[in-house]
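Protein chains in written order, with numbering that gives the first Met the number 0: chain R, 0 to 366; chain B, 0 to 307; chain L, 0 to 398.
Bear in mind the hints are in silico, worked out from the structure with no lab data behind them.
Quick look at which bits of chain L chain R covers, simulated, 3 or more residues with Cβ under 8 Å: (1) 319-326; (2) 351-357; (3) 361-368.
Using N, Cα and C, we set each Cβ at its ideal position, and we do this for glycine too.
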Amino acid sequence: MSRNSLFGANVSRRDVLKFSVGVTALMGLPYSMHTAIADAATSDNRPPVIWLHFQECTGCSESLLRSDHPTPAALILDMISLDYHETLMVGSGHQAEKSLHDSMEANKGKYILIVEGAVPLAENGIYCKVGGKTAKDSLLEAAAGAAAVINIGTCSSFGGVQAAAPNPTQAVSAASLVKDKPVINVPGCPPSPYNLLATVLYILTLGKLPELDDKQRPVFAYGRKIHEHCERRPHFDAGRFAENFDDEGHRNGYCLYKLGCKGPATFANCSVQRFNDMGVWPVSMGHPCIGCTEPDVMFHLSIFDKVQVHNPTPPDFYPNANPETRGKGADPLTTGIVGLIGGAAIGASAMVAANLPKEENDEEDEA
Amino acid sequence: MKKTRREFIKLAALGGAGIAAAPLAAEASAPIAAHEDAVGMLYDATLCVGCKACVASCKNVNDMDAAPAPNDADRLWDAPEDLDYRTRNIIKLYKDGEGDFSYVKYQCMHCIKPSCVSACPVAAMQQEPGRGIVFYDKDICIGCRYCQVACPFNIPKFEWPKAFPKIVKCDLCKFTNLKEKGIPACCEVCPTKAVIYGKREFLLAEAKKRLAEHPEKYQKEIYGEFEVGGTNVIYIAGESFDNLGFRELEFDSNAAFSENIQHTIYKGFVAPVALYGFLAFVALKNRKNHGHGHGHDAKHEGKDGSEK
Amino acid sequence: MVPKSNEYMALHREKILTPSFWVLLTFTVIGFYCIGLRYVMGIGAVSNLSDGFPWGIWIAYDVATGTALACGGYALAIVIYIMNGWKYHPLIRSAIVTSLFGYALAGFSVMVDLGRYWNAYSFFIPSRWQVNSVMFEVAVCVMAYNVVLAIELLPAILERFVHSTNPRFPKLKEFARKIYPKLDKVLIFFIILGITLPTMHQSSLGSMMIIAGSKLNPIWQTGFLPILFLINAMYIGYSVIIFESTLSSVAFGRPFEKEVRIIAKVIPYLTAAWLIIRFADLYYRGHLSTAFSGDYYSKMFLAETLLIAGGAYMLTWKHFRMSPRWVFVSAVMLCVGGSWYRFSVYIIGFNPDKGWAYFPSLPEFFITLGLVAFEILGYMVLVKMFPIMPNLEGHKKSA
Chain R
0 MSRNSLFGAN VSRRDVLKFS VGVTALMGLP YSMHTAIADA ATSDNRPPVI WLHFQECTGC
60 SESLLRSDHP TPAALILDMI SLDYHETLMV GSGHQAEKSL HDSMEANKGK YILIVEGAVP
120 LAENGIYCKV GGKTAKDSLL EAAAGAAAVI NIGTCSSFGG VQAAAPNPTQ AVSAASLVKD
180 KPVINVPGCP PSPYNLLATV LYILTLGKLP ELDDKQRPVF AYGRKIHEHC ERRPHFDAGR
240 FAENFDDEGH RNGYCLYKLG CKGPATFANC SVQRFNDMGV WPVSMGHPCI GCTEPDVMFH
300 LSIFDKVQVH NPTPPDFYPN ANPETRGKGA DPLTTGIVGL IGGAAIGASA MVAANLPKEE
360 NDEEDEA
Chain B
0 MKKTRREFIK LAALGGAGIA AAPLAAEASA PIAAHEDAVG MLYDATLCVG CKACVASCKN
60 VNDMDAAPAP NDADRLWDAP EDLDYRTRNI IKLYKDGEGD FSYVKYQCMH CIKPSCVSAC
120 PVAAMQQEPG RGIVFYDKDI CIGCRYCQVA CPFNIPKFEW PKAFPKIVKC DLCKFTNLKE
180 KGIPACCEVC PTKAVIYGKR EFLLAEAKKR LAEHPEKYQK EIYGEFEVGG TNVIYIAGES
240 FDNLGFRELE FDSNAAFSEN IQHTIYKGFV APVALYGFLA FVALKNRKNH GHGHGHDAKH
300 EGKDGSEK
Chain L
0 MVPKSNEYMA LHREKILTPS FWVLLTFTVI GFYCIGLRYV MGIGAVSNLS DGFPWGIWIA
60 YDVATGTALA CGGYALAIVI YIMNGWKYHP LIRSAIVTSL FGYALAGFSV MVDLGRYWNA
120 YSFFIPSRWQ VNSVMFEVAV CVMAYNVVLA IELLPAILER FVHSTNPRFP KLKEFARKIY
180 PKLDKVLIFF IILGITLPTM HQSSLGSMMI IAGSKLNPIW QTGFLPILFL INAMYIGYSV
240 IIFESTLSSV AFGRPFEKEV RIIAKVIPYL TAAWLIIRFA DLYYRGHLST AFSGDYYSKM
300 FLAETLLIAG GAYMLTWKHF RMSPRWVFVS AVMLCVGGSW YRFSVYIIGF NPDKGWAYFP
360 SLPEFFITLG LVAFEILGYM VLVKMFPIMP NLEGHKKSA
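When you get a sec, could you build the whole thing from the sequences and use the hints?
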């Protein structure tokens with residue numbers, strides 16, 4: 000096993016394979032691919048990666064660093080050649096800027112650009128500058144030499160919190176500025192680190208971009224709604240809901256839809272992949288999904304707003320085989336009016352009849 | 000005048016006899032038999048677990064809207080109460096107080112002699128020759144809803160809330176799943192094979208076999224074997240079919256009876272033409288006798304009237 | 000033979016804008032507003048129709064019953080041309096006008112009721128004909144009869160122009176002069192067609208519900224529905240003639256038409272035949288006990304039967320026949336009873352499955368009411384514009 004691997008030196012091949020099987024499954028690749036993934040993950044051919052930060056909270060980086068497989072050290076030292084990352088770099092100032100510049104020159108056309116954070120455009124982008132350069136300039140410059148751009152987090156993918164109304168800095172997503180390079184969005188606030196890792200490994204292994212949806216997200220991670228794989232789904236189907244935080248239903252682990260869960264409108268694999276290598280995710284802990292992987296949900300809907308369930312499926316209850324009433328019967332108003340008019344007609348006929356002569360004394364015309 | 004009265008009686012005999020004799024003549028109609036290629040489904044209520052996979056896949060495959068329950072303001076579920084214009088297939092539950100229960104699936108029964116096809120004035124409701132699938136062509140349909148009146152199972156549904164509505168009913172996925180995968184969607188996804196697809200002959204034999212092997216499990220009846228002349232979709236169940244919401248139906252086909260009456264009266268259009276000819280003969284003769292003038296002899300005419 | 004001049008058909012010269020005109024106009028406007036709603040929002044939005052009761056009062060009243068009430072022209076034509084009752088000829092035009100309005104109402108209601116009305120042209124495409132369908136027969140027949148009725152009415156319209164003193168339309172007058180004698184020659188063949196067609200479709204209106212099988216209560220469901228509907232249409236037709244003649248006598252201040260008395264004599268024979276078939280059929284099918292079981296359906300059966308039998312029984316007595324009041328009362332009873340029977344076959348006796356219910360919604364009811372009001376309105380206007388009513392002079396002469 001190479002020292003320059005994704006994993007620490009004391010990690011066995013068996014563990015590598017275990018990780019690879021997991022990531023292979025996550026990417027939706029055939030099982031037989033897992034050895035290829037393992038080889039890619041342990042090869043010396045580390046892809047140069049440049050990681051830029053703009054308007055963001057570094058939560059995405061933090062999320063990545065909190066993962067156990069691989070450890071942060073293995074990730075940045077062994078798995079990829081992380082040439083520039085403002086939070087993790089040892090260097091600073093002109094030294095750091097030089098390393099960025101050198102790497103961009105040396106790996107022109109080969110490096111992967113990972114962008115974290117949105118880009119402000121107001122007043123020529125003065126609201127976010129690094130080394131005297133605006134975020135927009137840095138981004139476009141770095142993107143020009145990149146093989147592909149991966150936007151990590153909702154800010155760089157869709158604008159995120161700073162693009163929410165009233166958006167004083169006119170922040171936009173990095174994705175909207177890069178036009179001539181392959182762009183992959185890995186949204187989430189923060190995204191699951193494995194979605195980023197799987198995307199990188201996919202590119203390494205197969206030498207191409209994974210299949211993307213209409214929002215440029217890898218389908219293997221963002222192909223289905225949270226709702227479809229949620230562990231609380233049986234409660235939804237049965238109509239059992241938590242109505243308030245810490246009410247009886249909430250304590251019983253019922254469905255969080257009525258607390259504003261955005262699961263039915265949110266495409267992500269959180270309910271399957273979960274977080275922090277501990278099998279937890281917000282919904283498992285009693286908090287409704289906030290729809291952070293969707294451009295139109297988080298920061299656009301209130302946390303407590305209910306979303307529309309698209310393509311609803313049958314619930315867990317049944318219509319009666321022998322329904323008691325069907326169709327639309329009489330209502331009092333209609334019956335009254337129909338009766339009134341019918342009565343008027345009968346009354347009028349009776350009046351006519353009453354006014355008619357009882358006998359007609361005309362000449363009898365029957366023989 | 001006497002002559003006229005006799006003629007009137009003759010006319011009544013002619014006109015009335017055809018119509019009156021029709022139901023009697025119609026009694027002796029040929030028995031209805033399924034085509035050997037007829038396909039259908041067998042639903043075994045004792046195997047159904049009520050998972051509603053069939054309901055969901057039917058909607059997906061046939062691109063139907065969800066039918067939220069009236070009290071479901073958030074539109075959370077596709078919860079039709081009955082078959083409706085968004086629902087071609089539904090699972091219902093029969094439950095009595097003592098814990099006896101059974102699921103039951105409803106969809107078109109695909110009658111061997113379908114009333115809807117017989118009723119439709121413009122052939123929008125059709126039956127496929129051979130396989131016997133009853134299907135609908137909205138481009139021809141005039142929306143008269145006679146098929147709904149005629150159907151003994153109340154299967155065809157109408158898009159009541161729409162300004163440009165159509166009829167909706169199960170067509171055994173004729174244009175979707177059956178065409179693409181050779182099996183209706185509901186039968187494809189059923190996890191317990193409670194509903195299976197096949198030739199009617201085979202399904203009937205299978206149903207009889209199950210009844211023979213487990214007489215204690217099943218009602219003795221195969222619903223659809225004889226009802227309204229037989230249906231291509233047949234049912235076996237542990238609960239009585241009355242409990243499962245099925246009407247008790249005559250074994251004769253209403254469609255065949257209706258057609259026989261109609262054919263008796265209108266065969267070759269002979270009777271209407273004869274009626275016209277006879278009426279013309281009488282009327283022209285009467286007019287000739289009456290002359291062209293209009294001088295009325297009230298007394299005389301009065302006599303005629305009283306004679307009648 | 001139709002007269003060549005206004006010898007005994009007269010224009011009812013009175014002003015058109017009477018109070019009853021405005022009342023009828025109000026109902027018409029409400030009705031047409033509801034029809035507008037139906038076309039914009041769909042049938043479900045204005046009616047209580049459902050998948051269990053796909054046909055409501057639009058079919059049961061406007062079509063099935065309305066055409067029977069419009070059978071005056073049919074019934075009278077039989078009397079005049081087949082039974083040689085030429086003295087009733089003065090009544091024929093007003094009967095034809097009401098028939099035309101009744102049938103036009105049915106046609107119009109069908110266009111309101113049809114869900115996919117834009118496809119109605121299918122009836123004119125032979126490849127789409129489905130001759131097994133009773134409705135196909137009814138539809139084609141009713142359409143043809145509407146045309147025949149219009150042709151039958153044409154002489155009245157033409158006369159108006161022939162005798163017109165208004166110099167504004169000289170060409171029209173000339174045209175009317177030219178066409179009138181030609182039409183007169185062939186009219187008898189249309190009149191006979193006008194007897195044949197209702198015989199066909201009035202019986203078929205009964206056949207229509209046979210296919211519903213056991214969804215229609217066994218009290219009404221029988222293979223004899225066609226003959227029952229045919230005879231029913233006839234006695235309703237005669238009753239309507241009496242009803243209308245009496246009403247127009249009252250409304251227009253004209254003397255009572257004596258002809259109705261003799262028409263009244265025909266009715267008991269027809270109802271007797273009808274009742275015999277009705278009860279024999281119930282007995283034959285073993286449902287006599289169902290009919291008298293006293294449940295809801297049985298009560299409905301008894302109500303309609305008593306109205307029909309009662310009305311007809313009164314007319315068997317000369318004493319009642321001689322009295323304009325009692326003739327009118329029995330005519331009303333027969334109309335109501337006969338219509339009730341048709342309602343029973345189409346709605347009251349119809350039970351598609353457990354639990355289904357139907358009662359018309361308010362807009363649905365107002366659509367029917369509006370169309371009926373429109374029909375009466377049209378009649379009132381037409382008799383004041385064209386020579387429809389019997390000429391009083393001629394009438395007196397014949398009396």
